[in-house]
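Everything in the sequence shown is counted per our numbering, starting at 105 for the first residue and increasing by one.
Hint data in this document are derived by calculation from the structure and do not stem from the laboratory.
Zero decoy hints are in this set.
Cβ-Cβ distance ranges computed for the label pairs, FRET-style:
no., residue 1, residue 2, range
1, Met-158, Asp-119, 38 to 46 Å
2, Tyr-111, Arg-153, 17 to 25 Å
3, Ala-154, Trp-182, 20 to 28 Å
Simulated pairs of lysine to any residue, SDA-like, Cα-Cα distance not exceeding 25 Å:
no., residue 1, residue 2
4, Lys-171, Asn-152
5, Lys-171, Arg-108
6, Lys-117, Glu-145
7, Lys-171, Gly-184
8, Lys-177, Ala-151
9, Lys-117, Arg-190
Quick reminder that beta carbons are idealized off the backbone N, C-alpha and C, glycines included.
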Amino acid sequence: EMARAFYLQAAYKYDHPEIYGPQDSTLNLSRASMAKVYASEVAVMAANRAMELMGSYGYAHDYHLEKYWRDGKIMQLWLGGAQLGRLDVIRGYYPHKL
105 EMARAFYLQA AYKYDHPEIY GPQDSTLNLS RASMAKVYAS EVAVMAANRA MELMGSYGYA
165 HDYHLEKYWR DGKIMQLWLG GAQLGRLDVI RGYYPHKL
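Build out the structure end to end from the sequences listed, making use of the hints.
So, in structure tokens, the structure goes:
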């Protein structure tokens, strides 16, 4: 629920540039990156926890849990991964050139 609220808030701020600044600003990029990183981490954490609770059934193809875990891991690696997303977040809040 919190991940959903986080990305909806980032989308709302992106859709209202007159209040929150231009859409192509580094701050808006950092908000979107923050939402992506958080959502992917929460998805993998929840899938890991569910797999631990289900034991060997968590890895079986009969249940969709292993698919959710794979999807969460791909989301962490997609478009540069979580580490690049964290760098985008830092660049938005600390705009100095390195």
